[in-house]
Each structure stands twice: as structure tokens, then as C-alpha cells.
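Asks: Protein chains in written order, with the numbering used here: chain A, 1 to 95; chain B, 1 to 604.
There's no promise every hint is true.
One-sided and incomplete, this derived list gives chain A residues near chain B with beta-carbon spacing under 8 Å [claimed, not checked]:
(1) 22
(2) 47
(3) 54
The calculated label-pair distances, taken between Cβ atoms and stated as ranges, are [as the list claims (entries may be wrong)]:
(4) 30(A) with 58(B): 24 to 34 Å
(5) 130(B) with 88(A): 29 to 39 Å
(6) 131(B) with 73(A): 31 to 41 Å
(7) 73(A) with 130(B): 14 to 24 Å
If you're looking for bench data, these hints aren't it; they were derived computationally from the structure.
Even glycine gets a Cβ: it sits at the ideal position worked out from N, Cα and C.
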Amino acid sequence: MAQLQKELTVLNKLGLHARPAALLVQMTNRFSSEVTLRKNDIEINAKSIMGIMMLAAEYGSTLLVTAVGDDAEDALNAIQEIFNRKFEENDEGEE
Amino acid sequence: MSGSPVGRTLTPGRKKRSGELVVSGLAASPGLVMGKAFVIPYGITTVSEKKLKSTEIDAEIKRFRDALATTQKQLSRLRDDLKEKLKDKSPHIFDAHLLMIEDVMVVDQTISLIRDKLIGAEQAFSITIENIVQAIEVHQKDAYLRERVEDIRDVKRRVQANLMGLDDISKINLREQAILVAHDLTPSQTAQLDRKLILGCATDVGGTTSHTAILSRSLEIPAVVGLVNISELVCTGDELIVDGYSGRVIIKPRKMEVRQFYSRAKEYRAIDNRLAELKDLPASTVDGRYVELSANIEFPEEVDSVISHGAKGVGLFRTEFLYLTRNDLPSEQEQYQAYSEVARRLKPDPVIIRTLDAGADKFSRQLNIAPDPNPFLGDRAIRVCLKRKDIFRTQLRALLRATTQGNIKILLPFISTIEELKKSQAFIRKVRRELIAEKVPTAEKIEVGIMIEVPSAALMAEDFITYADFISIGTNDLIQYVMAVDRGNERVAYLYQPLNPAVIRLIDHVVKAAKRRNTWVGVCGEMAGNPYTALLLVGLGVDELSTSPAAIPGIKKLIRTISYKEARKVAQIVLSFNSVGKIKNYLSSRIEEIDKSLIELYAE
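Given the sequences, and given the hints that come with them, work out the whole structure.
Replies: If you want it as C-alpha cells, here you go:
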């Protein structure tokens with residue numbers, strides 16, 4: 001079983017509010033690996049939207065993503081992709 | 001009604017000595033009361049606390065899971081509808097809400113709280129969510145992200161509502177008499193409370209014509225609204241004095257205030273007793289002009305109060321009560337019984353029943369209509385009824401059938417064009433023909449009138465009257481539409497000016513049109529229940545004033561004190577003024593000359 005880690009930066013202007021958090025959860029739910037996000041001292045389950053919102057990850061903040069499981073690599077790549085695409089929010093970022 | 005003839009600006013509460021706190025708001029319903037507070041927390045209808053037995057744990061957890069499942073279903077439907085409508089495939093905010101409902105952290109924590117602490121699902125869920133919200137608020141520096149906790153609270157409200165059964169707040173344990181303190185009271189909240197236990201109301205928001213105000217006046221209990229943050233300042237069990245005359249609330253009053261309270265309460269009782277002596281006397285001016293003085297009611301049970309205050313029938317019977325606290329539509333028979341009961345008890349006095357005034361802001365769930373971006377200018381009242389003929393037909397059948405039981409008249413709300421009026425009249429005739437064909441009896445002559453509450457109808461009054469048996473001026477809405485002001489918004493409530501010259505001149509225009517057409521004209525807004533405006537309305541020549549039962553004796557005393565000749569002169573002078581200030585000053589001085597005791601009750 002693989003354990004992989006990666007540091008990712010929040011690039012969308014409005015940060016990880018409810019909608020990007022939802023997108024992230026929907027993404028991680030597709031993988032069997034356990035995925036956690038860590039910001040400063042807080043570590044949460046990346047399959048919990050409330051957990052992600054508790055991170056209060058604003059624009060520019062850096063998160064340590066850890067994936068543990070058979071599909072850890074795929075999971076991590078998918079998550080990186082979604083971070084890079086700024087959670088599909090344009091920079092005006094209004095819902 | 002407000003203490004002054006026009007709305008006044010709000011002043012924030014100030015700290016006074018230790019413990020005691022005086023907060024000022026808008027006087028919404030007259031009266032003076034002291035009692036224990038019962039606070040309805042903002043956002044959550046209530047969280048009842050209970051202690052589970054260990055045998056009840058599994059059932060409680062199942063109840064929690066069921067509520068989650070129900071909420072999920074509701075939200076999915078909402079999301080799908082919306083996506084369909086917007087032709088939008090991208091993830092919506094409701095997707096986030098759905099994920100919050102099935103969130104592992106939330107579900108696990110709630111269940112372990114139920115198990116370990118033996119508390120009810122409502123409470124366990126509430127604690128879990130509030131912990132998360134708090135954590136977010138603590139860590140969150142970004143204002144935008146902090147605002148997003150509202151999403152979480154929204155989900156919480158949905159789940160809580162399902163846990164308690166939709167709209168069901170009967171679980172508010174109002175077991176003893178108390179003063180209700182809330183951010184705002186909604187019809188569905190108050191409808192399930194035992195009214196006998198409500199001593200008074202105090203709310204953060206709302207104007208003098210908000211639901212809280214109307215309910216309080218109909219229950220004849222004092223209320224103060226627009227207190228900004230009273231629901232945060234007061235805890236359940238705190239001693240409170242609510243002064244619905246001056247618009248003040250005293251939290252934890254000291255001995256001095258309590259003594260003053262008792263002496264003032266005694267004074268008011270004496271005034272009430274004097275007014276009660278007028279009960280069986282007609283509302284006629286000294287020179288013999290008779291004005292019909294009738295009551296506005298929301299619930300059939302208010303008939304007692306109509307009779308005890310000496311009102312001449314009902315000038316406005318709102319029918320929205322039938323739709324409260326339920327998810328389906330009221331049946332024809334149910335409606336027939338409610339209308340008949342009121343008509344029978346007040347016979348031969350008239351009962352003017354207004355057809356459904358619902359829309360996007362009220363009862364949209366039952367009517368299955370989409371939310372309106374601006375309900376005040378949106379799909380409501382007759383506009384909805386003419387589209388939903390099924391609902392309109394049921395109500396009209398009940399109304400027409402009930403005409404055999406007493407003196408019922410039908411009032412159509414929110415008419416804004418001649419076409420609407422003609423269509424409504426044609427539909428009423430059609431429904432009546434259907435009843436006749438079914439050999440169901442109706443009265444021989446049934447009067448159908450219209451509310452004048454939209455400026456277009458007021459300006460065209462004379463044309464509208466051609467198609468109506470009578471008119472009733474709904475001043476609450478008319479003022480809002482003439483002044484372009486939402487009376488419920490305390491930032492602009494000062495512009496809700498019954499004495500604005502534009503409002504008065506428009507009313508004068510409508511009354512004159514009615515006189516030319518020999519048509520009966522009444523007034524069924526708050527203006528009818530305030531001595532300043534009532535004096536003016538009598539002088540303008542209206543045939544009827546309809547107001548809350550509690551305000552009837554005071555207005556009757558006014559009418560019996562003045563002469564019609566004098567009132568007409570007052571009205572003519574008022575019509576010449578161009579500012580609300582001049583009108584207010586003039587009327588104040590006239591009322592003072594006429595009868596000082598009248599303003600005792602309304603003085604600030």
C-alpha cells in the first residue's frame with residue numbers, strides 16, 4: 001500500500017469555500033485511498049466537506065495532501081489537477 | 001400601532017445601572033406587561049432538550065438518519081429543478097449542501113453524542129454543527145469564507161426542520177405564560193403556540209405591520225418590534241417589562257421600574273374600563289354621521305374579541321390562516337366551515353372575506369411556485385389565484401356556499417388592472433353557475449368588492465368601481481407602493497408614512513371617485529386604527545373603518561367626540577399641506593383639542 005504526499009497551493013481567489021470543497025470531496029470519493037489534508041496544525045479527512053471548510057484555506061495557503069491506499073497516486077494526481085484548475089472558478093469567483 | 005402617527009427612527013439599547021437594561025424599539029401593539037422571557041433562538045426553530053434511556057438510543061439514531069435521508073431527498077429535488085431550469089451542469093451550491101448532510105464527520109459525531117451523552121438527535125446535531133461553525137469562525141480570517149458558514153447553518157435548519165416534522169415547532173415547550181422574544185416570529189412558528197400562554201412579544205426586526213405586530217394586536221397582547229438585538233440580550237427566564245405603548249422593553253427591571261409598572265398598569269386598566277362602556281353604542285359623530293366600525297381578523301377564534309369590543313362585523317377577514325402549518329391545501333369543506341362559523345356568529349353584521357393573498361413569500365411550498373426575486377412586486381394574491389384556478393375555485397366554492405350562513409361579502413386583493421378584475425368576476429360567476437347546476441344553495445345577492453392597494457387601481461378607482469360592488473382601501477400596502485418602501489426594513493421604515501401628503505391625496509382621490517359612483521368605501525389598513533389617521537379618514541368621507549378589535553373602543557370614542565363638519569374641515573386643511581411634518585403637527589394639535597385622553601394611550 002502506497003503512502004504519498006504533496007504540497008498544494010490554493011489558487012482560486014475565494015479560497016476553499018463550500019463549492020470548491022464540494023468538488024474536492026466528490027473527487028476524493030472516487031478513490032478508495034484515505035486522503036487527508038493538513039494546514040498548520042489541523043488535519044482533516046478530505047472526504048468530509050465540513051472538515052475541508054474547517055481548514056479555512058484561503059487564497060495562497062499551502063496544504064499538505066496525504067493519500068494512503070492502492071490508488072494513492074491516481075488520487076493525488078486528480079487532486080493536484082483540480083487545485084491547478086482553480087476548482088473551475090473564474091477569478092471573479094462569484095457563485 | 002406606533003406611538004406617533006408616523007414611523008420613527010430606531011434608537012439602540014442603552015445600559016442602565018447594573019443588571020437592568022432598557023431597549024427601545026417600535027411600539028407594535030398596545031399594552032403593558034411584565035413576565036418571564038421565552039427566547040426562540042434565531043435560525044433554529046428550537047432545540048428541545050431531552051434525556052434518552054439507553055433503550056431509546058437506536059430509535060433516536062434511526063430518527064436522525066431518517067431526517068438526513070428526507071433532507072437529502074428534498075435538496076436533490078431542489079437541485080435537479082434548478083439545474084433543469086438553468087440548463088446548468090456545473091456543480092451547484094446544493095451539491096455542497098448535499099455533501100454536508102452525508103458528511104462522515106457530522107454523522108459520526110452526532111451519533112456518538114446521542115450514544116454517549118444520551119441526548120436527543122436535535123440537540124446532538126445542533127452541538128456538532130455549532131462546534132464546526134465555531135472552529136471555522138475561529139480560524140477564518142477571510143471574511144468571505146467566514147460568511148460561508150451560513151451554508152452550514154442553512155443545512156442545519158433544513159435537517160432540524162425534518163427532525164421536528166415540517167414546520168412543527170409545537171415542541172417549543174411553552175408550558176407556562178411567557179413573553180416571546182425572537183429575532184422575528186413567522187406565521188408558522190406562532191400558529192402552533194398556545195396563544196393563551198403568550199403574554200407579549202419582543203423581536204429584533206420588523207415594523208408595525210409585521211406578522212408579530214399583527215398577531216399581537218389580534219391577541220391583544222403588547223408587542224415591541226425592531227429592537228435590533230433583543231434576542232441576544234435576553235435569556236429564557238429573564239424578567240421583562242414590555243411596554244407596547246412607548247415601545248420600550250426593560251430587561252431585569254429594578255424595584256423602581258416594577259413599582260412604576262404596577263401604577264401605570266392600574267391607570268391603563270381604568271382607561272380600558274371607560275372605553276368598554278362604549279361597547280354597545282354606535283360609532284356616530286355628534287352631528288349624526290354614522291361610521292361603520294368593524295374589525296380585521298386573521299383567525300376564526302377572534303370572533304369573541306370582535307364581539308366583546310363592540311365592532312360592527314368584520315371589515316377584513318384574512319384567509320391565509322387556512323394554509324398555515326401544513327403541507328397540503330385546505331379543502332372546500334374545511335374552508336366552508338371556517339367562513340360559516342364567523343358569518344353565523346356575527347349575523348346580521350357583515351363579514352368581508354378576502355380571497356387568498358399568498359405568493360412567493362407566503363405558502364410557496366403548498367402552491368408549488370418558484371421563489372420570486374422580489375415577492376412584493378411579484379406573483380401574489382389575485383395574480384396567483386387567476387393562474388391557479390384550482391385553488392381559487394375551491395376557495396370560491398366554499399365562500400359562495402357560506403353566503404347562505406350570514407352576511408358574507410367577497411373581497412379581491414391586489415387588483416391592479418381592469419382585466420384582472422373582469423376575469424375574476426367572470427370566474428366567480430362561472431363557479432356560481434357550477435354550484436347552481438349542482439343544486440348547491442348560495443345567497444341570492446353576493447357582493448364582490450376589491451381592495452385598493454396598488455397605485456394603478458387607486459388612480460383608476462372610478463373605472464374599477466364600475467365592476468365592483470364596493471371598495472376597501474388597504475392602506476398598509478398602498479403606502480408601501482406609493483412610497484416605494486418596505487415597511488419591514490427598519491433602515492427605511494421611516495419612509496412608511498401614512499400621513500405623507502401623497503398618500504392622503506391618493507386616498508382622497510379614491511374616496512371622491514367612490515362618492516361619485518355612490519359606492520361604499522372602507523379602509524382596512526392600520527390607518528383606520530390610529531386616532532390621528534382615523535380622524536382624517538372620517539373627514540375624507542369614508543363609510544367604514546376596519547381595524548384590530550383592540551383598537552375599536554378608542555376609535556369609537558374619537559368618532560363619538562367629533563363632529564363630521566369639523567372632521568371635514570380638518571381633512572380639507574390637511575389636503576393643503578405639502579409635508580408630512582406639517583400634517584403631523586396640525587393633526588396632533590387638533591387631536592389634543594378634541595380629546596386629550598385619546599392621546600394618553602398613544603403618547604410616546
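Asks: Now tell me, hint by hint, if it's right for this structure.
Replies: Verification of the hints:
no.	hint	result
1	22	4 Å, holds
2	47	6 Å, holds
3	54	5 Å, holds
4	30(A) with 58(B): 24 to 34 Å	32 Å, holds
5	130(B) with 88(A): 29 to 39 Å	31 Å, holds
6	131(B) with 73(A): 31 to 41 Å	34 Å, holds
7	73(A) with 130(B): 14 to 24 Å	38 Å, violated
Checked against the numbered hints listed earlier, the structure breaks hint 7 alone; every other hint is satisfied.
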